[in-house]
Amino acid sequence: MPIPVTIADDSALSRKTIKRALPEDWDITIHEAKNGVEALEAVHTGLAEVLFLDLQMPQMDGFEVLKELQQEHQKTIVIVISADIQPAAQALVSSMGAFRFLQKPLKADQLRETLLDVGLL
Amino acid sequence: MEKSEFERVIEQLPIGACIINQDMTITFANPTFLGGLTIRQPDLVGQHLLSVFEEQARFLKRKIDSVLILKNPSFSYWQQRPHVFPMRSSRPITGDESQMYQNVQFMPLSNDNAEVTHVSIFVTDVTAEASYFIQQSDLKNVLEEEHQQLKALHQELKVAQKQMLQSEKMASIGQLAAGVAHEINNPIGFVSSNLETLKDYALKLIKTTQTQKKIIVKQAEERFIKLLEDVYERHGVDFIVEDLPELLDESLNGAERVKKIVNSLRDFALNDEEGWAEVDLYAEIESTLVVLKNELNYKVQVEKDLPQEPVFIDGKAGKIRQLLFNVILNSLQAMSSGGTLTIDCKKNGDKITLLIKDTGAGIAESDLERIFDPFFTTKEIGQGTGLGLSEVYTIIEEHEAGIDVLSKEGEGTCFTFVFNTFKAPLN
Amino acid sequence: MIEINEDERDALQEIMNISMGQAADALARLIQTKVSLSIPAIQAMSPEDFQGMINSLSDNWFARQSFTGTIRGEVIMSMHKDGCNALAEVMDFDLPLDDAATEELVLEVTNILSAACLQGFTSQLELSTQLNMPAFYYPLQSVHSNEWSSILIIEVEFFIEQMQFDARILIGLSEGSIEQLLIPIKALLED
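Protein chains in written order, with the working numbering: chain A, 1 to 121; chain B, 1 to 427; chain C, 1 to 191.
Next up, chain A with everything else stripped away, as it sits in the complex (with noise of 0.2 Å):
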């Protein structure tokens, strides 16, 4: 069974680069999400069981994704991708349940390393 995989980020450009930047031999199907709204609505309707998850988006932003889902106490792995990098962000997002934190721009060894680490490879 393939992983349903969500990626939201605001930018086209972005979700690019991170689809660009999965692994090949992970079986997964990609959902792709524009803004929070679309990122809840792929973790209800099960799209979601891995969320990378952008910080800075329109109609409600990472910070709220995380809120809502922690207390839905949904099971999904967030692993939240920003341009934000300072430690203040970082800590703030592990804080409210994020998996783990990675810089924009997004490495594919940097990826594929977290994956494995997460277990998910």
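Everything labelled a hint here was simulated from the structure, so no lab data went into it. Ideal placement from N, C-alpha and C gives every residue a C-beta, glycine not left out. Wrong hints could be hidden among the right ones.
Unchecked claim - Below, in silico cross-link-like pairs of lysine-lysine (DSS-like), each with a Cα-Cα straight-line distance of 27 Å or less:
id, chain 1, residue 1, chain 2, residue 2
1, B, LYS408, B, LYS423
2, B, LYS71, A, LYS107
3, C, LYS186, B, LYS61
4, A, LYS34, A, LYS107
5, A, LYS107, C, LYS186
6, C, LYS81, C, LYS34
7, A, LYS107, C, LYS34
8, C, LYS186, A, LYS16
9, A, LYS34, C, LYS186
Said to hold, decoys possible - Here's a subset of chain C near chain A, in silico, CB distances under 7 Å, partners left out:
id, residue
10, ASP10
11, ALA11
12, ASN17
13, ILE18
14, ASP25
15, ALA28
16, LYS34
17, THR68
18, ALA100
19, GLU126
To be verified - Partner residues aside, some chain C positions facing chain B, computed with beta carbon under 8 Å:
id, residue
20, ASP92
21, LEU97
22, ILE112
23, ALA115
Mind docking chains B and C on chain A? Use the hints.
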């Protein structure tokens, strides 16, 4: 190129180069860097940068920390920090500066793993440029100052010229007036006194003829009386008897007025090099109104509200006269189609408040702040010099008096002056 | 006017967003304080627009730093005067700031922000540029050249809430550079 060649280039580079590691220990310094220093240092390698350059330690640490953390170059300029390293000027003999002005660059040196392991420091001697720049900016300041002085001087000259123009004008009017006054004074004197005598003679002659007529009527024959009455009738003697004194009175009045005008003119023309004295304000107002009689046409009413007792200002009579003349003339000209001129005077302690108010055209709000500027006029070219009110202002300043103007277009203008009361000198 | 399509604008905005994030991080690490930033605004500007924007930033200090290479342009940093003292304190400057120290502070901040952000976007786009030394800039005294008719301005605002710090980075790209910039962006958007 071989490594030794690189080294030789670095050694001969006219730029001070120094390399430190992450602990800020100096690992290299080229001869330009070493030789430029004014502190005695046989060799810098192995020493701690911050302890060698203690005075700038805080600054150097900040700069180097930022390069190490951010992995980007950092800069320092002579304008903000002229002498980071104690180095001597490259022109010890002919230069104006003894210390070297420096631009300093701090560049990160990374290893293969993109980690910054060293920081290289380049010191560029910009003493020549700095010295030139400083000279230019000093020069600029001097020029700026001179320019300001010239501007101030120019302004003073302008004011002086304006005052000269005005006083010259006033002086020539004064001379003319004095001359005319002098010439008229003599004839009007005897005209007046002769008229006085003439009136006396005429009254006596009338009395005599009337007595004669009464005697003749009583005693003469009817035909002589008839004859006399004929002569009276023909010559209109009864009318002459009635009219003659009136004519003489009018003439006397006229002569008196001429005398007054002449006196006012003479007063007006008095040299203003007079000293400070008690100036009788009412007398000055009166004589100004006399001089301006021509302008005071029948359409303008004058209302005066002056206290009973005379008011004396501490001032120069000629100047006060000129002030009143200029202000009242302006008011009258503003009321060319008629109106009321109000002159009000009040005494408050040792201050005298004088109000000169007209119901004329008024002054536009935008013009109000410029009316005291020399040459500012709203009159047509040739109608006014624009000096009248500026002269007023000068006089007010000289008298340490106050002035205030209220005006509304279409309603009129009110000048308020506050003068100092004359005080008799103690002793 | 310069024309870029929606996809290109989105891509450029994302790349700038990442670069500015790196710039903010650089400053944050140096002063150990969280730095907030706005979403990059990208707009084509006429000389009049540009002048108007600069003029609207009263009470700001300005510095500029040019870059040369595959793409050329200038980074202009404006920084509100009110925030200087607080920032100077955390950056270990002596207070009160005199004129020279103020200039030094502004140049330092300019260098930090523009170096990090230029480094950010040139590395993402694999362009090569060199950043020159920053210099103080007094916009009212300088009449900018009218040699260009339209430039692309990328504007980001940085602020630190607890210290009234408010700065703006304007990256101005010269006319010919925009085409150069679009080449790698188009490549990134392909397939």
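For each hint, the structure was consulted:
1. LYS408(B) / LYS423(B): violated, 36 Å
2. LYS71(B) / LYS107(A): holds, 20 Å
3. LYS186(C) / LYS61(B): At roughly 43 Å apart (the allowed maximum being 27 Å), LYS61(B) and LYS186(C) break the hint.
4. LYS34(A) / LYS107(A): Distance of about 21 Å is within 27 Å: holds.
5. LYS107(A) / LYS186(C): holds, 19 Å
6. LYS81(C) / LYS34(C): At roughly 20 Å apart (the allowed maximum being 27 Å), LYS34(C) and LYS81(C) satisfy the hint.
7. LYS107(A) / LYS34(C): holds, 25 Å
8. LYS186(C) / LYS16(A): holds, 13 Å
9. LYS34(A) / LYS186(C): holds, 21 Å
10. ASP10: Constraint on ASP10(C) satisfied, holds at 5 Å.
11. ALA11: holds, 4 Å
12. ASN17: holds, 5 Å
13. ILE18: holds, 4 Å
14. ASP25: With a minimum Cβ separation of about 5 Å from chain A (threshold 7 Å), the hint on ASP25(C) holds.
15. ALA28: holds, 5 Å
16. LYS34: Given a least distance of 4 Å, the restraint on LYS34(C) holds.
17. THR68: violated, 24 Å
18. ALA100: violated, 31 Å
19. GLU126: Given a least distance of 11 Å, the restraint on GLU126(C) is violated.
20. ASP92: This interface hint holds because 5 Å falls under the 8 Å limit.
21. LEU97: violated, 11 Å
22. ILE112: holds, 6 Å
23. ALA115: This interface hint holds because 4 Å falls under the 8 Å limit.
In this structure, the hints that do not hold are numbers 1, 3, 17, 18, 19, 21, in rising order.
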